[in-house]
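Enquirer: Residues per chain, in single letters:
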Amino acid sequence: MAITSFDIKDIQTANGGKRELTDVVTEMGIEIEEATKQEIKVNIDPNRPDLLDFVGMYRAISNFTGKKKPQDNRYKIANPPAMTIEVQAPVKKVRPYIAGIVVKNADLSGQKLKYLINFTEKLADTYGRKRKKLAIGIHSMAAIKGSLTYTAVESGSITPLGSSRQTSFDKLMKEHAKGITYQDAVPTFGRSYLYPLLKDDSKTIALIPVTNCEETKITESTKDLFIDITSTSEVALGNAAAIIACSFIDSGADVYPVEVSYGKTKKTTPHLEYREMKVSMSKADGTLGIVTGRHNIISLANRMGHTAAKYGANVLFYVPPYRIDVLNEQDIIEDIAIAYGYNRITPTAISGVTSGMANDSVENDNKLAYVMVGLGYTEAINSVLTSEEVSFANMGWKPQKDSYVSIADSKTSSITMLRPSLLPGLLQNIAASASATMPQRLFEIGKTFHVKGGKPVEGKRIAMVGVHSKANFSEIKSVVEALFGQMGTEFKPERHDSPAFIPGRCATVSAGGITATFGEVHPMILKSFKIEEPAVAAEIVLV
Amino acid sequence: MHEYEVKTLDFLAGKSPASLDELQAGTGLAKDQAMWAAESLLKYGAVSVKRGASRSIQVSEEGRRYAKEFPEEALVRSLAKKKEKISNIRDQIGLSWAKRNGWITISNGEVSLTNEGAKLASGSKQYQLRELLGKLIDSGPEPPAGIADRYKDAIADLAKRKLVDMRERSQIESISITKAGALLLSKEPKERGIGVLTKEMIKNGAWHDKQFKPYDINAPTDVSYPARLHPVREFTNRIRQKWFEMGFIEVEGPIIESAFWNFDALFSPQDHPTREMQDTFYLSNPKQLTIEDVELIGKVKKMHIQGWKEDWNEQLARSSVLRTHTTSVSARYMKKLAKAVESGSPTKMFSIGSVFRNETMDYKHLAELRQYDGIIVGDNLTLSNLIHTLKSFYSRLGLDDVKLAPSYFPFTEPSLGFFYYDEAHGDIIELCGGGIIRKEITAAMGLNKTVLAWGGGVDRLLLNDKIFGVGTLPELYKNDIAWLRTRGGIKV
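Taken in order, these protein sequences are the chains called A and B.
Using our numbering, you'd call the opening residue of the first sequence number 1 and step up by one each time.
Using our numbering, you'd call the opening residue of the second sequence number 1 and step up by one each time.
If we strip away everything but chain A, and leave its shape as in the complex, we get (with noise of 0.2 Å):
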């Protein structure tokens, strides 16, 4: 997902003006986030790269709307090629693909220069995965020299955009807020980086995926363009030329194609194709329990930017090279009922009687809750994510690393890893209950985790905690021996030694698969979990 914004100046003419623009766009499936009177702030969802681009967008909008109606053919491109590129052996190893777009006589005033370079910088880093799978430099064409060639070095410097100075390659990766942030994006050749770059006839124009050289950079006056789009995946460097390729023809401006020389093999770029794709009505009309019949399905086509032709019981839609969503038939079969619209579906029934089922697991925690609540325990419910510190620094144990459940990589130090048992989550709760009235008495039943031979083990426990002054040994096992005697389990407890506990004052008791350990809970774990009051507990393994 990747937030973008327009101005509301700029987008508004794309309305047919009857609506309100913000219910127009929620309707076209766009989520947004922010609307005010200066500015439409929107989500856009990792399908519809091309709704990143203010043209795209203005696009999609008036065809929604049907101020504008999508034509046969637009995105054919007649002329010939007026820029070379030769792919060179190193680079084909790193990132072997990359396309070339030239434009002559695009129109970059206005807000048109910022929505362009805020497009293609998104659309690399959400589509490109920041740059690593994709990447796009935009040049003014009057400042390449020659022919383009295109290479991996392990050494080399560029005027870095923004500055007057050459820097090396290796300098610009330490020190250039660009070079530290691509710097996952950079291929490396054993310890050093394999720098792709492309050059002309002169200078470095561009240090790929990091920066393009000072040179030839773009102005608001700028006309002509050189666009280079290089990536690791032949696929998306095809989508993404046919997006920029398509953004610019709406806009107005003329695109020639690049040609690009891979030794013997040559290719143009961009490939525009409009795919040809037959959907059934009758299918259409069964996956959306509409009747399409009556609308004309035509201009169903034509509001999501498809061209369409009626085939006896089928249509023909004509997807255009930008809709790069589009896989097959299902796809057309949304785009039908979005330009029909959601909120005009009527909703039906399913017909056929089922009868519904609880399940015996869930229900038998919903029985042992309520036997604790009629014991006087009041139910808590902590998250099973955890930390070594609260699991068993506070708890005075070490386990062994390999025994439980832990996680690569989290954003708080507080999550590390999956809790093997309940009772520190309930010590917490008490200690951050300090000022409740007495006695405070909690108890928990849900999910523990550990890991056996190499495999996790997800377990069911049930677990509680009785604090007060006078809280002792007795009062716990009367309540173990109660849920046991609801259990219909077996009740012969036996001598116990456990850190958490008070030594000779903890017992366990093991029947019918289930294991409970209950005591007195030892005066260092109170202090460790700051509880200020006696404690008794149990902890008992039912699954």
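Since the hints were made in silico from the structure, they are not lab data.
Backbone N, C-alpha and C define an ideal beta-carbon position, used for all residues, glycine too.
Misleading hints may appear alongside valid ones.
As the list claims (entries may be wrong) - Stretches of chain B that chain A covers, calculated by requiring three or more beta carbons in the stretch to come under 8 Å of a beta carbon on chain A:
| no. | region |
| --- | --- |
| 1 | 27-39 |
| 2 | 198-210 |
| 3 | 246-256 |
| 4 | 266-279 |
Given the coordinates of chain A, work out where chain B should sit on it, guided by the hints.
Expert: Structure of chain B alone, referenced to chain A:
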């Protein structure tokens, strides 16, 4: 006079003035009973009371975490190693306090240490706030007056940061009996009717010729708190009830899941951003899980290569994750159904369980949240059926004014979302996302049926005033006993 008042005057006749503690010890009254008696006697001028102020300063849970290190200290420590761009500093709290303390300066977007900051980073100077916090932890909730007075401003800072909870109240210091009180006591009759009814009296009828001493029905009593279920269990059971009513069977599935079931089987491309570590919790133990169904692996691989036109790595699919949605449970169920496809009535299934996101927490986001997920498997099912099902569910929860819009998920096409406008929070809240499971997925599973699917947040619904109305989600899982005892009920 009430029994408590008589006891109080009786005691004070022998020792006056007396502290509240002495009074309690001497009369056997509980604190609130003794206080009530003193206040009541004060009204008839039978006692005089000397008051003092008492202040309690309780270090909060967050405060205890800060006792090791404040965020501003962590920040100067890291700045001592390396200067930072202000845009790279994520901890805004640490930043603003370090600035306020004069430890850092910011120029040209770059943050650097002042002399004072450097002293702190090197440990040659201690942070006053942290030292104070340590003292407050050691002294307990009633610190010596010296501390409270000397560090008044600093304590106010700690309170503002919610690191301590400060309460001030007036308290009875001592109570003395007055002349009027002594007179009142002397007039009190010694024989005062039956106090406590005993087993003996019932047996022998001794109460027949006596009077029962009337009680003051306004005298204070101990507050009773019922033990209660957690609101999330109560509400989960309500939701389950709704799905049962609508003919759904309940299913459970594992929390620790392979990327395969959580992502790959659901057509989520392997380089999709949500699969990255910053959004998903990957496990370091166990690192990899076995995927038992070898045939399915082959089909899923084919689905990815054909659909996304990119390579598919089985090793990545084996990574173990904490499930990011309960749709993994639905996916497993679809595969199970494929072995036993029935014709006729559709199969309806739901599951409720925890899901995990490695994201920053706020009022509507937590690292662990609960979701309900459901599927309907059958022939000739439509998007209009799905809309009907979900509207019917929300209407059963009292949410009639829900909004529907197109949405996007890699595993459904068409996709939809339901939303509602939450007035209390002034925010549009997503109720659920759903759609028709892509044919690529059902084909890979060998399930020749249409599958309607959805998933939505359980906890989020509790933000809604019509349902429960908790202010923030973290509050829901704090398990503060006072809150659990006195919270409102689930309204649906």
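Enquirer: Each hint needs a verdict: does it hold in this structure or not?
Expert: Here is what the structure says about each hint:
no., hint, result
1, 27-39, "violated (count 0)"
2, 198-210, "violated (count 0)"
3, 246-256, "holds (count 10)"
4, 266-279, "holds (count 5)"
Violation of the numbered hints given earlier is confined to hints 1, 2; the remaining hints are satisfied by the structure.
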